[in-house]
Amino acid sequence: MVVRSIKKYNWKGKKVLIVEDDAAGSFLLSEILTHTQIEIQIVESGKEAVDICRMDPDINIVLLDMHTPGGMSGYDAAKEIRKMYKILPIIAQSAFIMTEDKERAIESGCNAHISKPLNTFELLGTMHKLLYNTDNLPI
3 MVVRSIKKYN WKGKKVLIVE DDAAGSFLLS EILTHTQIEI QIVESGKEAV
53 DICRMDPDIN IVLLDMHTPG GMSGYDAAKE IRKMYKILPI IAQSAFIMTE
103 DKERAIESGC NAHISKPLNT FELLGTMHKL LYNTDNLPI
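Just so we're aligned, residue 3 is where the sequence shown starts under the working numbering, counting upward by one.
Hints are computed from structural coordinates only; laboratory data are not their basis. Mixed in with the good hints, there may be bad ones.
[Claimed, not checked] Heads up, simulated DSBU-like pairs for lysine-lysine below, C-alpha to C-alpha not over 30 Å straight-line:
| # | residue 1 | residue 2 |
| --- | --- | --- |
| 1 | K14 | K118 |
| 2 | K118 | K10 |
| 3 | K49 | K88 |
| 4 | K49 | K14 |
| 5 | K16 | K131 |
| 6 | K16 | K49 |
| 7 | K85 | K17 |
Quantities reported herein were computed from a predicted structural model and do not represent experimental measurements.
My request is simple: use the sequences and hints to build the entire structure.
This is the structure in structure tokens:
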């Protein structure tokens, strides 16, 4: 049932940058997104995310863990990415679900905030909405 629902989304030709320091988390995201045919690139830190965004203008969306190692938080990475790309969709991911955390993510330049553990349907619906800038979600 879940895989059939995921296959409703076909993002072939699109590219996602996943910023996730937890191997299990990046594996889960890859498994979910593989069914959408989106090209997947994974890095572990905010600094790597900024560097990749600087080098690769073909990224269509960023899934950004807000608490990554390496001296640059997801919040700081979002600010830097937003300076380079005004309209690149950035989705914050965080286990912290307080209103202040969500507001901080949005203030940092993220378009949306998704709480961990991830809800597959929320993730895909949010990605689709941001990739195609539409409210007509196939959920």
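Now the hints, each set against the structure:
{"no.": "1", "hint": "K14 to K118", "in the structure": "holds (26 Å)"}
{"no.": "2", "hint": "K118 to K10", "in the structure": "holds (23 Å)"}
{"no.": "3", "hint": "K49 to K88", "in the structure": "holds (18 Å)"}
{"no.": "4", "hint": "K49 to K14", "in the structure": "holds (27 Å)"}
{"no.": "5", "hint": "K16 to K131", "in the structure": "holds (14 Å)"}
{"no.": "6", "hint": "K16 to K49", "in the structure": "holds (22 Å)"}
{"no.": "7", "hint": "K85 to K17", "in the structure": "holds (20 Å)"}
The structure is consistent with each of the numbered hints, conforming to all of them.
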